[in-house]
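**Q** Chain by chain, the residues run as shown.
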Amino acid sequence: MIALERRLEVSRFWLYATPVLAVGLTILSGAVMFAALGFDPLEALHAYFILPISDLYGLSELTVKATPLAMIAVGLALGFRGNVWNIGAEGQLILGAITGGGVALAFYGVEGPWLLPLMLLGGMVGGAFWAAIPAFLKVRFNANEILVSLMLTYVAGLLLVYLVTGPWKDPMGFGFPQSRLFHDSATLPTLFENSRMHIGFPIALFAVVVSWFVVSRTLIGFQIKVVGLTPPAAGYAGFSSSKVVWVTLLTTGALAGLAGVIEVSGPIGQLTPSISPGYGFTAIIVAFLGRLHPVGILLAALLMALSYIGGETAQIVMRLPLAVTGVFQGMLLFFLLASDVLAHYRIRFGSRRSEEG
Amino acid sequence: MRDVTKRFPGCVANDHVSLDLERGEIHALLGENGAGKSTLVKILYGVQHADSGRILWEGEEVEIANPAAARTLGIGMVFQHFSLFETLSVADNVALALSRGTGRDPALVAEIKRLSNEYGLALDPDRIVYELSVGERQRVEIVRCLMQDPKLIIMDEPTSVLTPAEVDKLFDVLRRLKADGRTVLYISHKLQEIRDLCDRATILRGGKVVDSCDPSQETPNSLAAMMIGRSFDGPKIGKPVHTEDGDALLTVEGLSMEAASPFGTSLKNICLSVRPGEVLGIAGVAGNGQNTLLAALSGERIAQRDDWVRFEGKSIGRVGARGRRDMGIVFVPEERLGHGAVPDLALEENALLSGWGRWKLVRRGLISFSKTREKAEQVISAFGVVSAGSGAAARSLSGGNLQKFIIGREIMQDPKLLIAAQPTWGVDAGSAAAIQTALVDLARSGAGVIVVSQDLDELFTISDRVAVIFDGHLSESRPTHATSAEDVGLLMGGLFETPTEATPA
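Chains as they are written, first to last, in my numbering: chain F, 1 to 357; chain D, 1001 to 1505.
Don't take each hint at face value.
[Claimed, not checked] No more than 30 Å apart at the CA atoms, straight line, and that leaves these computed lysine-lysine pairs for DSBU-like:
#: 1; chain 1: D; residue 1: Lys1371; chain 2: F; residue 2: Lys243
#: 2; chain 1: D; residue 1: Lys1416; chain 2: F; residue 2: Lys243
#: 3; chain 1: D; residue 1: Lys1268; chain 2: D; residue 2: Lys1208
#: 4; chain 1: D; residue 1: Lys1190; chain 2: D; residue 2: Lys1169
#: 5; chain 1: D; residue 1: Lys1151; chain 2: D; residue 2: Lys1113
#: 6; chain 1: D; residue 1: Lys1416; chain 2: D; residue 2: Lys1268
#: 7; chain 1: D; residue 1: Lys1360; chain 2: F; residue 2: Lys243
#: 8; chain 1: D; residue 1: Lys1178; chain 2: D; residue 2: Lys1208
#: 9; chain 1: D; residue 1: Lys1314; chain 2: F; residue 2: Lys243
#: 10; chain 1: D; residue 1: Lys1190; chain 2: D; residue 2: Lys1208
#: 11; chain 1: D; residue 1: Lys1169; chain 2: D; residue 2: Lys1151
#: 12; chain 1: D; residue 1: Lys1178; chain 2: D; residue 2: Lys1190
Please keep in mind that the hints were generated in silico from the structure rather than gathered at the bench.
This is chain F alone, in the form it adopts within the complex (with noise of 0.2 Å):
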């Protein structure tokens, strides 16, 4: 018989261990998966992983979905450490769209070096003022975060589509539900030529270095911790729960806000009724395969962006159904949370009688 015993602290190996043994088992099972679909299970493998970032430009664009994720999954893992579960980033991500573009448009034509700014102010203004509303609502009448926000998601979708199929429709669109292509002004530079790497991905890297330190070394983030470890003792300390709703929810719109303006400012050029491939929701997963950790979500960043490109490149070359990119996700996801029972419990071999009380 096989027996779970708690252990007495949590294993420090088995919880930077879990992730790593979560890709591998998706990597297994997505090989089972082909053969089972009848394709050749390293060729698509192959086609999934590898292919995608052989060459620079594949590197790039590596980069391009590593940057929303890993600025929002920041963001996340700020108020998931304090207990504040905000599952709406999508929809904070497609109101800072709408208001960051919305700038872009209400200054079509208009150049100059303060425009780009003035879109990202408004982008995580639009995120953080989306958050606000679960955030308000949680601290005035104790709303469950989880529900307002994820609701607000599908509200702040509705919008972006009337907007782009009504009053910002471009008027020389041929009746598509878009907006008019930003200017130049209004569209964030690439780094290098032939790629679309952008400017958005150094952001994303100085938003990971400030949460880190934010995290480690500022009372803010010690009282996020406090409050989402023991809130008793948040209480003791004179901690406010509230601050802390305020505080990652206002962060983590705000990053989600700028991650919506760089897309349809940087990668897209414009306002489409789908500006986001889930980025939102994925950013979930990887705040968590990254352990809430700044540097381990920069990394489950790449590897969630590999995911996604992945999954373009397996269709394009083998003709492989584009799900295939959500069944990775989703079995990541599973097998993480899974075996993260190995970090808290020790597998017991052996039989034993059963302890009952």
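Knowing the structure of chain F, use the given hints to seat chain D on it.
**A** Relative to chain F, chain D alone:
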């Protein structure tokens, strides 16, 4: 029990423990926290299983697989924490435990009545447990245990929740059980009780049997010495300073507050005052509003009116925990892990938890870790905290050591007023004496100290004045030297008018 050994990850809880229990004796199992008393008893009751060793029951080797098997053999147990359904009647609770239909079975009710008469356990089978006092609930547990006609009854710290009068009644019951030829295994660390009650005592230390004795031939100090393994000095208490005419440091007037939970006790018109240099003790049986009072004093809950609580003449009823701490009011909560300290964080981070303001460990939002570590290490060395250093997680410390750390952390913040809840509850005798000495020293150095405790011995040892909380009311305080444990015990049972007139004893 012969050579019983039980290992847990990281420690040996019982190391070749042998224990003989005679028919018709009250046998004490004595030891500090973590000495292995609970583990041994759990093995005997079948909750846990020994890694090696044998249990002989009436001369035959038995294997006790689970509590049901223990009950079949004739071993019953009354736990420290009651397992009763609050919304059911006494008889229903008994019936459920015995799997005997409902509490309306007349035979069952008759049997409950017979047993409670026989042993002087006054109980009405039809009453709902929710209405019962703690002492009455314990009687339900004992009756439930007696229904199975046990030959051996294990009692785990039964007096920790009782008033002195209830303790006397319980001892009568236990003596009757003994006269009946039943054996009682009595677990406690209250030495006086063991001397009064028990025929023999087995002393455990570090998982091993270190001694056995006839407790009536010993003094509390010699028993304590066996328990902690070295000579034992009680707390060194300095002479009280009389500041009766000094200005009050903290005054509470007419404070009322709703309980935070439906099962909590609300405060009604609380009045108290503490002067600098004195220790005010607040006695009371658990669940009479202590938690609400502590939250109201520490600022974790804010009063409706600002002038209900005044500190150094300023109204602070609506000032929160942080603001009060900045003024010099520090607090030692009852629950060490999970309230006074974050279990998963290191001691230095736990020093930061309450000390960051008064120790100025944070500048412009940035934490100074070197200063934090320095402060944590100062507390550890000044208060003799046994730990793996300031980086050790709070949960890795024993109860006594963590409590020394928390008390030390608060005292070294140089407070004007310290409020401590159950400062030595579940703490080994050596640490308890150190903690009590530190609290009194703090008061003698000019700070005010409020100690809320269920332990009357403790309150009479360290406090200058003592008041009693009952059902959310607080009695007027009396000088400790002018009152007796019996008087306070009566107050703990609710025998006072509010507000009472201080009656000279």
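**Q** Quick one, are Lys1178(D) and Lys1190(D) close enough, alpha carbons at most 30 Å?
**A** 20 Å, holds
**Q** Checking one constraint from the list: CA of Lys1190(D) to CA of Lys1169(D), max 30 Å. Satisfied?
**A** With a Cα-Cα distance of about 17 Å, the restraint between Lys1190(D) and Lys1169(D) holds, given a limit of 30 Å.
**Q** Given the proposed pairing of Lys1416(D) with Lys1268(D), does the C-alpha separation stay at or below 30 Å?
**A** It holds: about 26 Å lies between the C-alpha atoms, which stays within 30 Å.
**Q** Lys1190(D) and Lys1208(D): Cα distance at most 30 Å?
**A** It holds: about 20 Å lies between the C-alpha atoms, which stays within 30 Å.
**Q** Check the hint pairing Lys1178(D) with Lys1208(D) against an upper bound of 30 Å on the C-alpha distance.
**A** Holds: Lys1178(D) and Lys1208(D) sit about 27 Å apart, inside 30 Å.
**Q** Does the alpha-carbon distance linking Lys1360(D) and Lys243(F) stay inside the 30 Å limit?
**A** Holds: Lys1360(D) and Lys243(F) sit about 21 Å apart, inside 30 Å.
**Q** Between Lys1371(D) and Lys243(F), is the straight-line Cα distance small enough, at 30 Å or below?
**A** Holds, because 26 Å separates the two Cα atoms, which is no more than 30 Å.
**Q** Take a quick look at whether Lys1268(D) and Lys1208(D) sit within 30 Å of each other, Cα to Cα.
**A** 49 Å, violated
**Q** When you check the alpha-carbon spacing of Lys1314(D) and Lys243(F), does it fall within 30 Å?
**A** Answer holds: Lys1314(D) to Lys243(F) is near 27 Å, not above 30 Å.
**Q** For the pair we were handed, Lys1416(D) and Lys243(F), check the Cα-Cα distance against 30 Å.
**A** 28 Å, holds
**Q** Going straight from one Cα to the other, do Lys1169(D) and Lys1151(D) come out at no more than 30 Å?
**A** 21 Å, holds
**Q** When you check the alpha-carbon spacing of Lys1151(D) and Lys1113(D), does it fall within 30 Å?
**A** The hint holds at about 20 Å.
Comparing the model with each numbered hint stated earlier shows that hint 3 is the single one that does not hold.
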